[in-house]
Amino acid sequence: MSTKNLKLITNPLNIDNPITIQVLGICSALAVTVKLEPAVVMSISVLFVMAFANVIISLLRNTIPSRIRIIVQLVIIASLVILVDQVLKAFAYDVSKQLSVFVGLIITNCIIMGRLEAFALGNKPWPSFLDGVGNSAGYGMILILVAFIRELFGSGSVWGFQVIPEGFYEFGYANNGLMILPPMALIVVGIVIWVQRARTRELIEA
Amino acid sequence: MKALRNYLDKIKPNYKKGGKYEKWLPVFESFETFLYVLGDTTPKKGAHIRDAMDLKRTMSIVVIALLPALLFGMWNIGYQHFLSIGQGQEVSFWAQFGHGFIQVLPLILVSYIAGLGTEFLFVYIKGHEIEEGFLVSGMLIPLIVPIDVPLWMLALANIFAVILGKEVFGGTGMNIVNPALLARAFLFFAYPAKMSGDKIWISGLESGEGVVDGFSGATPLAEAAAAEGNLDLFHAKYTISDMFLGTLPGSVGETSVLAILIGAFILLLTGIASWKIMLSVFVGGVSMGLILNGFASETNVYMSLPFYEHILLGGFAFGAVFMATDPVTASQTEKGKWIYGFLVGFIAILVRVVNPAYPEGVMLAILLMNVFAPLIDHYIIRANVKKRLKRIKVKA
Numbered sequence: 001m002s003t004k005n006l007k008l009i010t011n012p013l014n015i016d017n018p019i020t021i022q023v024l025g026i027c028s029a030l031a032v033t034v035k036l037e038p039a040v041v042m043s044i045s046v047l048f049v050m051a052f053a054n055v056i057i058s059l060l061r062n063t064i065p066s067r068i069r070i071i072v073q074l075v076i077i078a079s080l081v082i083l084v085d086q087v088l089k090a091f092a093y094d095v096s097k098q099l100s101v102f103v104g105l106i107i108t109n110c111i112i113m114g115r116l117e118a119f120a121l122g123n124k125p126w127p128s129f130l131d132g133v134g135n136s137a138g139y140g141m142i143l144i145l146v147a148f149i150r151e152l153f154g155s156g157s158v159w160g161f162q163v164i165p166e167g168f169y170e171f172g173y174a175n176n177g178l179m180i181l182p183p184m185a186l187i188v189v190g191i192v193i194w195v196q197r198a199r200t201r202e203l204i205e206a
Numbered sequence: 001m002k003a004l005r006n007y008l009d010k011i012k013p014n015y016k017k018g019g020k021y022e023k024w025l026p027v028f029e030s031f032e033t034f035l036y037v038l039g040d041t042t043p044k045k046g047a048h049i050r051d052a053m054d055l056k057r058t059m060s061i062v063v064i065a066l067l068p069a070l071l072f073g074m075w076n077i078g079y080q081h082f083l084s085i086g087q088g089q090e091v092s093f094w095a096q097f098g099h100g101f102i103q104v105l106p107l108i109l110v111s112y113i114a115g116l117g118t119e120f121l122f123v124y125i126k127g128h129e130i131e132e133g134f135l136v137s138g139m140l141i142p143l144i145v146p147i148d149v150p151l152w153m154l155a156l157a158n159i160f161a162v163i164l165g166k167e168v169f170g171g172t173g174m175n176i177v178n179p180a181l182l183a184r185a186f187l188f189f190a191y192p193a194k195m196s197g198d199k200i201w202i203s204g205l206e207s208g209e210g211v212v213d214g215f216s217g218a219t220p221l222a223e224a225a226a227a228e229g230n231l232d233l234f235h236a237k238y239t240i241s242d243m244f245l246g247t248l249p250g251s252v253g254e255t256s257v258l259a260i261l262i263g264a265f266i267l268l269l270t271g272i273a274s275w276k277i278m279l280s281v282f283v284g285g286v287s288m289g290l291i292l293n294g295f296a297s298e299t300n301v302y303m304s305l306p307f308y309e310h311i312l313l314g315g316f317a318f319g320a321v322f323m324a325t326d327p328v329t330a331s332q333t334e335k336g337k338w339i340y341g342f343l344v345g346f347i348a349i350l351v352r353v354v355n356p357a358y359p360e361g362v363m364l365a366i367l368l369m370n371v372f373a374p375l376i377d378h379y380i381i382r383a384n385v386k387k388r389l390k391r392i393k394v395k396a
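Chains A and B supply the protein sequences, listed in that same order. So in the numbering used here, the last spot in the first sequence is 206, and the numbers never skip. So in the numbering used here, the last spot in the second sequence is 396, and the numbers never skip.
Check the hints yourself; a few may be wrong.
[Said to hold, decoys possible] Computed spacing ranges between beta-carbons, pair by pair:
{"#": "1", "chain 1": "A", "residue 1": "Gly190", "chain 2": "B", "residue 2": "Lys386", "range": "33 to 41 Å"}
{"#": "2", "chain 1": "B", "residue 1": "Ile102", "chain 2": "A", "residue 2": "Gly190", "range": "47 to 55 Å"}
{"#": "3", "chain 1": "B", "residue 1": "Val354", "chain 2": "A", "residue 2": "Ile64", "range": "49 to 57 Å"}
{"#": "4", "chain 1": "B", "residue 1": "Ile102", "chain 2": "A", "residue 2": "Gly177", "range": "24 to 32 Å"}
{"#": "5", "chain 1": "B", "residue 1": "Gly271", "chain 2": "A", "residue 2": "Pro165", "range": "31 to 39 Å"}
{"#": "6", "chain 1": "A", "residue 1": "Ile26", "chain 2": "B", "residue 2": "Leu55", "range": "30 to 38 Å"}
{"#": "7", "chain 1": "A", "residue 1": "Ser79", "chain 2": "B", "residue 2": "Leu290", "range": "57 to 65 Å"}
{"#": "8", "chain 1": "B", "residue 1": "Lys393", "chain 2": "A", "residue 2": "Ala78", "range": "49 to 57 Å"}
[As the list claims (entries may be wrong)] The following residues of chain B were derived to be distant from chain A, with all beta-carbon distances above 12 Å:
{"#": "9", "residue": "Leu151"}
{"#": "10", "residue": "Val168"}
{"#": "11", "residue": "Phe234"}
{"#": "12", "residue": "Val257"}
{"#": "13", "residue": "Leu258"}
{"#": "14", "residue": "Leu290"}
{"#": "15", "residue": "Glu334"}
Hints in this document: simulated from the structure, not taken from any laboratory. Just so you know, even glycine gets a beta-carbon here, dropped at the ideal spot from N, CA and C.
The following block holds chain A by itself, in its conformation from the complex (with noise of 0.2 Å):
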């Protein structure tokens, strides 16, 4: 794999992070990140949508008019999106229910538009496929790090599991209940962008 290539995957995780540096994709970061589980299982659901949706519109690039682009793309995410939903609701109905209306609502996830419009439009399907996945798993990673912060304090648990002894409880500690309100995910997601541009020198702005 060429230099160019692995920065489409190795950018997207750190100085171009979806999440953190473009600020896109927040409304389902504050909405499924109560929970580590639904945050695993939307990071992967975007990951497949993003990245066979990049390689579709790279493929039918130059038959694509310009004016109706934009509702091509919607069609093809639709359609995947769909298809996400539909083995969700298969094979991990639970999940499914605690996602409700969010898998839908990967049609409008900004990233994904924004990653089709910016880059598949103009580039070839290999670079494509590496670029959707290196956004998504950009997004996946922020997502899964705030879902195990918010769990973490908000519920005591990780995945589920209770990782937090009883005796602390017996001791007088109590679970955080703003960490499962939303505005905590915005705050952790503020924090981390805080800790990522203090460390990175060149998003350091004049």
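Start from chain A and add chain B according to the hints.
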């Protein structure tokens, strides 16, 4: 005094550039300026007139203004405690005060240690000067929490408030919302079991040791909210003078309107707080109270709580005097202060009465208006610009 000065002069070189503890210079200076003014002279260019009334003196006066409420709060904590175990009459004043003192002191210590510790940490990381803003916040926070709040929660709330209320925005003077209220809001939403209900307002009530049968530790506001039919029972239990003097269960420093008014007097006399904000908060509260009185019916008794009792109960007076007037987070324009204060009072009573989930709305009202204050200022300034532009055009 002279020995202290000599000692400070002796250790000062350690903190200068190249010294042993160079990085801790801001910490050193902040302690030095508690008692002394730095030996800086005015620069060659720029302002030459300096006022001795710097940020640190301002903050000290606010802390002094808080003392009556604090001392009364200490006594009231003891008074309520002995009342709850049925010894209200037998115990001496000093026993009551002593009990409260021992209960309140850890709150103050934890609040200062956690908050100042975080602040010093940021001074060390970012290398900016230490800021005095926390002197007041650290005193305000213990006064607006229930007495039985666990200390680790209080510490966490302080750290949260200093980092996310102040440091992310650039430190003292740059914050959007009041850090002390942010700490309280954090506690309120994160640990609701410890911040509301009828067990937490009186020390020792939660463990239930020796509590008189049928004793209720609910705050008057919670009782008024729960009243059915009419408020006769409520008024039989709480008199206006109780409400004014503050011999009621509640957060540590919020109960006594009298003590708060003494603080308000100090703040107004020294010109630190804006009388416009204070007055307009009360006006706002009274007008919402009157509106609700007009709508009162059999089915919603809480609405018929007289407006003058609304402003005596709960944290209304405390919020109006010490929180809403925070010069950083309030409106800066003179007209804006009227609008800002009025809406604080107006919304506080609205939340209190109309939303059953929040028996007290002052905190939420002030936080909300903190966020809106810059917008109010923006439109006041735009309006002024427009007015003056018109004047030019008329002349020309």
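Exercise for review: For Val354(B) and Ile64(A), compare the CB-CB distance with the range 49 to 57 Å and indicate the outcome.
Suggested key: holds, 53 Å
Practice item. Would you assess whether Leu290(B), listed as outside the interface, keeps its beta-carbon beyond 12 Å of every beta-carbon in chain A? Key: holds, 34 Å
**Study point:** Hint check for Ala78(A) and Lys393(B) - Cβ pair distance inside 49 to 57 Å
**Key:** holds, 56 Å
Review point. How does the Cβ-Cβ distance of Ser79(A) and Leu290(B) compare with 57 to 65 Å: does it lie in that range?
Key: holds, 60 Å
Check your understanding: Looking at Val168(B) again, its CB stays over 12 Å from all of chain A?
Key -> Violated: least Cβ distance 6 Å, not greater than 12 Å.
**Study point:** Cβ distance range 33 to 41 Å for Gly190(A) and Lys386(B), holds or violated
**Key:** holds, 36 Å
Point to revise | Consistency of beta-carbon spacing, Gly177(A) to Ile102(B), with hint 24 to 32 Å | key: holds, 29 Å
Exercise for review: With 30 to 38 Å as the target window, see if Ile26(A) and Leu55(B) comply at their CB atoms.
Suggested key: holds, 37 Å
Review point. With d taken as the least Cβ-Cβ distance between Leu258(B) and chain A, does d exceed 12 Å?
Key: holds, 35 Å
Practice item. Hey, is Leu151(B) genuinely clear of chain A, shortest beta carbon separation above 12 Å? Key: violated, 9 Å
**Study point:** Val257(B) remote from chain A - nearest C-beta pair above 12 Å
**Key:** holds, 31 Å
Review point. Do the Cβ positions of Gly271(B) and Pro165(A) conform to the proposed distance bound of 31 to 39 Å?
Key: Distance hint for Gly271(B), Pro165(A) is violated at roughly 54 Å.
Hint violations for this structure: numbers 2, 5, 9 and 10, all remaining hints satisfied.
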